[in-house]
Each structure stands twice: as C-alpha cells, then as structure tokens.
Amino acid sequence: MSSEAVRVDKWLWAVRLFKTRSQAAKACEANRVKSGEKILKPASELKGGELLEIPYPEGPGTRTVRVLGLIEKRVGAPEARLACEEITPPEVVEQRKIWSESRMHRLVGEQGRPTKKNRREIEKNRGFFE
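Each residue of the sequence shown is one higher than the last, beginning at 1 in my numbering.
To be clear, the hints were calculated from the coordinates, so they are not data collected in a lab. All residues carry an ideal CB built from backbone N, CA and C; glycine is no exception. Wrong hints could be hidden among the right ones.
As the list claims (entries may be wrong) - Here are the in silico distance ranges between beta carbons for each label pair: (1) K41 / T88: 19 to 27 Å; (2) N118 / G48: 37 to 45 Å; (3) T20 / L68: 20 to 28 Å.
Hey, can you work out the whole structure from these sequences and the hints?
What follows is the structure, encoded as structure tokens:
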C-alpha cells in the first residue's frame with residue numbers, strides 16, 4: 001500500500017473494479033462515482049476509509065465499496081481484495097445475477113459483430129450515454 005492520497009480513477013483501476021483506467025475515468029466524468037453525496041471526478045483524491053458508490057462497467061446497478069488501502073498500480077487480485085471491502089446490498093447482487101443470466105440467453109442467438117445501431121443500444125444500456 002502506498003501514499004496518503006490516490007487519484008480515484010487510478011484506485012478504481014488498481015483494485016480491479018474497472019478493466020481499464022480510461023473506463024474508470026469515463027465513469028467519473030459521467031458523474032456516476034460518488035462518495036456520499038459528493039460526485040468524484042477522475043483526479044479527486046481518496047484518503048482511505050471512504051465509502052464509494054460505483055456503477056458496474058456493464059449493465060444496471062451500483063456497487064458500494066469501502067476504501068481500505070491506497071494503491072496506485074495494478075496489483076494481483078488477492079492484494080486488490082485487501083484494498084477494498086465490498087458492501088453492496090444483497091438485493092443489488094441478486095439483480096445483477098438475474099440481469100447477467102437474461103443477457104446470456106439473449107447473446108446465445110446473436111452471432112458476429114454488432115451493427116452500429118446495436119452498439120449504440122449496448123452503450124446506452126451500460127449507462128454511459130443517454
């Protein structure tokens with residue numbers, strides 16, 4: 001674990017809540033990452049012990065995590081789990097499970113690359129564009 005404060009986008013990426021740092025930054029820029037009532041920008045600094053509300057990269061729902069450790073560089077999954085505590089309500093986890101299963105049923109019939117229209121619909125469903 002490192003310094004006294006870390007950028008939000010770096011921390012979200014380092015603890016593996018987002019696949020890329022740019023995804024984490026986009027979520028912040030879309031005003032979707034919050035600490036209490038405060039909306040966090042990508043360059044906002046985390047100090048530790050904060051409670052964050054973060055959208056899932058895909059699909060509906062918001063996860064809640066507590067910052068336990070400050071890390072800037074991507075680390076292995078076991079180390080990343082030590083830096084944050086998942087406290088998402090069970091109802092949200094259940095909704096995600098149902099959404100994921102229904103999505104798998106839809107995708108079984110589809111083949112090939114999505115059309116531009118389909119891609120826009122996918123992005124809209126992910127919540128980054130309205």
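Right, here's what the structure says about each hint:
1. The hint said 19 to 27 Å for the Cβ distance between K41 and T88, and at roughly 23 Å that hint holds.
2. As the Cβ distance of N118 to G48 is approximately 42 Å, the hint placing it in 37 to 45 Å holds.
3. The hinted range of 20 to 28 Å is satisfied by T20 and L68, whose Cβ atoms lie roughly 23 Å apart.
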